[in-house]
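Engineer: Below, each chain spelled out in residue letters.
Number of protein chains: 2
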Amino acid sequence: MTSGVVDAQAIDLRAVQRQVDAVLEDFLSEKARAAAGRGHPPEVVQAVRDFLAAGGKRIRALLCVVGWHAAGGDGQATSALRVAASLELFVAFALIHDDIMDDSASRRGRPAVHRVMRARLGEDERADRLGAGGALLVGNLALMWAQELLHTARLEPERHRLVHRLHDAMLEEVMYGQYLDVMGTGRGADDVEAALRIIRYKTATATIERPLQLGAAVAGAGASEDTMDVFTRLGLPLGEAFQLRDDLLDVFGSPDGACGPGLSDLREGKRTVLLALGLQRADQIQRERLRHLVGRADLGESEAAEVRTILQDTGAREQTERMIASRYEQVLQVLDGAGFPQAADRALRGLAVTATRYTS
Amino acid sequence: MTSGVVDAQAIDLRAVQRQVDAVLEDFLSEKARAAAGRGHPPEVVQAVRDFLAAGGKRIRALLCVVGWHAAGGDGQATSALRVAASLELFVAFALIHDDIMDDSASRRGRPAVHRVMRARLGEDERADRLGAGGALLVGNLALMWAQELLHTARLEPERHRLVHRLHDAMLEEVMYGQYLDVMGTGRGADDVEAALRIIRYKTATATIERPLQLGAAVAGAGASEDTMDVFTRLGLPLGEAFQLRDDLLDVFGSPDGACGPGLSDLREGKRTVLLALGLQRADQIQRERLRHLVGRADLGESEAAEVRTILQDTGAREQTERMIASRYEQVLQVLDGAGFPQAADRALRGLAVTATRYTS
Chain B
1 MTSGVVDAQA
11 IDLRAVQRQV
21 DAVLEDFLSE
31 KARAAAGRGH
41 PPEVVQAVRD
51 FLAAGGKRIR
61 ALLCVVGWHA
71 AGGDGQATSA
81 LRVAASLELF
91 VAFALIHDDI
101 MDDSASRRGR
111 PAVHRVMRAR
121 LGEDERADRL
131 GAGGALLVGN
141 LALMWAQELL
151 HTARLEPERH
161 RLVHRLHDAM
171 LEEVMYGQYL
181 DVMGTGRGAD
191 DVEAALRIIR
201 YKTATATIER
211 PLQLGAAVAG
221 AGASEDTMDV
231 FTRLGLPLGE
241 AFQLRDDLLD
251 VFGSPDGACG
261 PGLSDLREGK
271 RTVLLALGLQ
281 RADQIQRERL
291 RHLVGRADLG
301 ESEAAEVRTI
311 LQDTGAREQT
321 ERMIASRYEQ
331 VLQVLDGAGF
341 PQAADRALRG
351 LAVTATRYTS
Chain D
361 MTSGVVDAQA
371 IDLRAVQRQV
381 DAVLEDFLSE
391 KARAAAGRGH
401 PPEVVQAVRD
411 FLAAGGKRIR
421 ALLCVVGWHA
431 AGGDGQATSA
441 LRVAASLELF
451 VAFALIHDDI
461 MDDSASRRGR
471 PAVHRVMRAR
481 LGEDERADRL
491 GAGGALLVGN
501 LALMWAQELL
511 HTARLEPERH
521 RLVHRLHDAM
531 LEEVMYGQYL
541 DVMGTGRGAD
551 DVEAALRIIR
561 YKTATATIER
571 PLQLGAAVAG
581 AGASEDTMDV
591 FTRLGLPLGE
601 AFQLRDDLLD
611 VFGSPDGACG
621 PGLSDLREGK
631 RTVLLALGLQ
641 RADQIQRERL
651 RHLVGRADLG
661 ESEAAEVRTI
671 LQDTGAREQT
681 ERMIASRYEQ
691 VLQVLDGAGF
701 PQAADRALRG
711 LAVTATRYTS
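Read top to bottom, the protein sequences are chains B and D. Read in my numbering, the first sequence has 209 at position 209, and its numbers run on one by one without any break. Read in my numbering, the second sequence has 715 at position 355, and its numbers run on one by one without any break.
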């Protein structure tokens, strides 16, 4: 890479993250300037900037750059960074829309975008609906800008086509995953397989497999069938482990206290594997309590504590931890057989730890 | 074009429309097959198909193909038809999202997509919110598929870049226009300039200017600065006339009775130029009646008739007709000076009539 963040031994992931953020900041600064020039309201670009600034570990962007490196990418990393940055705008789009659909109050410790928009509307009786509409449009623009970053990544035609093929496939997979999640409310909350299927579509491919493959596609010649196949085999276990960890963190927080236990999944009644396992393993009384409490928008802290105790006592929490551990093992096995360059291999092992231990 | 729909004299617009519909049908059939193969729910593709089948004159698609021809496009029209078809999926996306934001009950005489989705959810108390979420995702997929049609239009690199630049600009313009429309509720309903500004962003460029320019970009060499500039100068008056006609049709229906007078704009309180003119020209009593009636979700037919009478008596209807007529004149003047090939010129004059007299 141009700035010496890769050598034979290691990829400096913090430096990559800074570079990705710089691409995003340049792109959005230009959007802000253009909006000002045309008299467009400034708060649209600002909402996207605030969303990105609020956090996120850029895990997809990092995987993209590591995938590029694993497939033999070297020299000018400009295109890889642009595709990587595009993925973060795509995530912003998906989460902004997610929060509208779930009517989540907050995201990354800040008010969700539709709540920000609603607050702009003051006392208007239609503020809920219009605020959601404003956020929907902000989300749409984030998606369009994600695509624009791809269109302007200066890829040669063959790579450009492959990047778009992978990207189009990713978008479709995520949308179908979200659709299943939103519209599949009829299925039993104790259905572990159904919960895993949603993870597969909604998270695993878009978080792990496709970012890695997109990076490889930018690298070009190195993007052999074998490399793409390794990324597919990494994607499922690592993506599932990532989401299972996320679900545990939301309910129980992190052991080191950096992330406190929360209420949002429990209030929303999110059909997680953790909950499905809890319902399966619960006795009659526990099951009734879970069904009574989970999904209540006004769930209080003491009731949440009761839910946590049940998920603990039934062994659902421990079983989820075991599922994460076995998937992490699978990831290591795939990497053992992949034969990636040392620096990429190390970075992937590091990201596998990041993704399965702590998440944003 | 391959199938003889263009000769020196005329472009057979009906044949073009059939070809565009065939591209859409092939593309969506393939999406349906792929969804079935992956176990995705079939109703997503079906919702998009139903939306397209419910009507629409494919005016944007036709303008794209005519723009292609005006810029000297000939021979294989496959790419032009694919870009044209993409525009219709883009419109589907924009209208599906529009209907969610306005909570419109119907579109083209059928239930709006979010109402269809809501009906699938039965008695679920969250059916309103989840149905809107399902439709939001269907809309997102329509947008993604619109982009996929572009990515796979087999354009050579330079044209591909230009097509994407124009398309990205169009998407952004429409989103900002919708944002202004949704979030700009504070402005006065009697502000004609504000109403025209929304038309400019939300309708004029995306309906007329950009489709024509996209067609020209596909034609390549013929897409001179001059041609692009003519399309810009056509876009504003024709786009405004198109929307002003649409607003009149929604309230008053068409003189031939093919389209009956409706309630949707009046119930929604849409800030049209027609309404702004009515409010400006009304006396005190009329103004109070307009403010009292327009925007009531339960507006009845007799109250709507009272609104129509006021819009008629104040001269707002006639003034809107005059605005359409003067814009139509401008369009003819621009065409007179453009020097397009005869067949393209005729087609554009025909479409100008279609767009300003009857709309779907």
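What the hints contain is simulated information worked out from the structure, not anything from laboratory work. Just so you know, these numbers come straight off a predicted model, no measurement behind them. Here a beta-carbon is modelled for each residue, glycine too, at the ideal position from N, C-alpha and C. Be aware that a few hints might be false.
Said to hold, decoys possible - Okay, the calculated bits of chain B under chain D, using three or more residues with CB under 8 Å as the criterion:
#1 79-92
#2 207-219
What the hints assert, rightly or not - For each label pair, taking beta carbons as the anchor points, the in silico distance ranges come out as:
#3 B:Ala36 with D:Gly660: 39 to 47 Å
#4 B:Arg165 with D:Arg470: 46 to 54 Å
#5 D:Arg470 with B:Asp313: 25 to 33 Å
#6 D:Asp386 with B:Arg108: 55 to 63 Å
#7 B:Pro157 with D:Asp386: 36 to 44 Å
#8 D:Arg525 with B:Gln76: 53 to 61 Å
#9 B:Gln280 with D:Glu390: 50 to 58 Å
#10 B:Pro111 with D:Asp434: 49 to 57 Å
#11 B:Arg14 with D:Pro401: 38 to 46 Å
#12 B:Glu193 with D:Ala396: 14 to 22 Å
#13 D:Pro615 with B:Ala53: 49 to 57 Å
#14 B:Ala305 with D:Ser624: 29 to 37 Å
Stated by the list, open to error - List of simulated lysine to aspartate or glutamate pairs, EDC-like, C-alpha gap at most 20 Å:
#15 B:Lys57 with B:Glu125
#16 B:Lys270 with B:Asp168
#17 D:Lys630 with B:Asp12
#18 D:Lys630 with B:Glu125
#19 B:Lys270 with D:Asp528
#20 B:Lys270 with D:Glu553
#21 D:Lys391 with B:Asp168
#22 D:Lys630 with B:Asp124
#23 B:Lys31 with B:Asp21
#24 D:Lys630 with D:Glu553
#25 B:Lys31 with D:Asp528
#26 B:Lys270 with B:Asp21
#27 B:Lys270 with D:Glu485
#28 B:Lys31 with B:Asp12
#29 D:Lys630 with D:Asp463
Engineer: Does each hint fit the structure? Answer for all of them.
Structural biologist: Status of the hints after comparison with the structure:
With 0 residues having a Cβ less than 8 Å from any Cβ of chain D, the stretch 79-92 of chain B misses the three-residue criterion, and the hint is violated. For the stretch 207-219 of chain B, the proposed coverage by chain D is not satisfied: 0 residues have a C-beta within less than 8 Å of a C-beta in that chain, short of the threshold of three. In this structure the supplied range 39 to 47 Å holds for B:Ala36 paired with D:Gly660, their Cβ-Cβ distance being about 45 Å. Roughly 33 Å separates the CB atoms of B:Arg165 and D:Arg470, a value that falls outside the hinted 46 to 54 Å.
Look at D:Arg470 against B:Asp313: about 51 Å separates their beta carbons, and that is not inside 25 to 33 Å. Checked against the hint of 55 to 63 Å, the pair D:Asp386 and B:Arg108 fails, with Cβ atoms roughly 42 Å apart. A C-beta distance of roughly 24 Å is found between B:Pro157 and D:Asp386, which places it outside the suggested range of 36 to 44 Å. Range check, D:Arg525 to B:Gln76: Cβ separation about 22 Å, and the 53 to 61 Å hint is violated.
Range check, B:Gln280 to D:Glu390: about 39 Å between beta-carbon atoms, so the 50 to 58 Å window is missed. Hint check: B:Pro111 to D:Asp434, Cβ distance near 55 Å, so the stated range 49 to 57 Å holds. At about 42 Å, the CB distance of B:Arg14 to D:Pro401 agrees with the hint of 38 to 46 Å. Between B:Glu193 and D:Ala396 the C-beta distance comes to about 20 Å, which sits within the given range of 14 to 22 Å.
In this structure, D:Pro615 and B:Ala53 meet the distance hint of 49 to 57 Å, their C-beta atoms being roughly 55 Å apart. The hinted window of 29 to 37 Å between B:Ala305 and D:Ser624 is violated, with their beta carbons roughly 50 Å apart. A hinted pair counts as satisfied when its Cα atoms are at most 20 Å apart, and B:Lys57 with B:Glu125 does not qualify at roughly 38 Å. Between B:Lys270 and B:Asp168 the CA atoms are separated by roughly 27 Å; this puts the pair beyond 20 Å, and the hint is violated.
At roughly 54 Å between alpha-carbon atoms, D:Lys630 and B:Asp12 are farther apart than 20 Å, so this suggested pair is violated. About 16 Å separates the Cα atoms of D:Lys630 and B:Glu125, which keeps this hinted pair within 20 Å; it holds. Between B:Lys270 and D:Asp528 the alpha-carbon distance is near 35 Å, which puts this suggested pair outside the 20 Å criterion. Between the alpha carbons of B:Lys270 and D:Glu553 the distance comes to roughly 46 Å, so the proposed pair goes past 20 Å and is violated.
Annotation: proposed proximity of D:Lys391 to B:Asp168 holds, straight-line Cα distance about 12 Å (limit 20 Å). Annotation: proposed proximity of D:Lys630 to B:Asp124 holds, straight-line Cα distance about 15 Å (limit 20 Å). Between B:Lys31 and B:Asp21 the alpha-carbon distance is near 15 Å, which keeps this suggested pair within the 20 Å criterion. Note on D:Lys630 and D:Glu553: the hinted pairing holds, with a Cα-Cα distance of about 15 Å set against a maximum of 20 Å.
Of the supplied pair hints, the one linking B:Lys31 and D:Asp528 holds, its CA atoms being roughly 12 Å apart against a limit of 20 Å. For the hint pairing B:Lys270 with B:Asp21, the CA-to-CA distance comes to about 31 Å; that exceeds 20 Å, so the pair is violated. Annotation: proposed proximity of B:Lys270 to D:Glu485 holds, straight-line Cα distance about 16 Å (limit 20 Å). Distance restraint check for B:Lys31 and B:Asp12: the Cα-Cα separation of roughly 29 Å exceeds the 20 Å cut-off, and the hinted pair is therefore not satisfied.
Of the pairs offered as hints, the one joining D:Lys630 and D:Asp463 holds, with about 13 Å between alpha carbons and a cut-off of 20 Å not exceeded.
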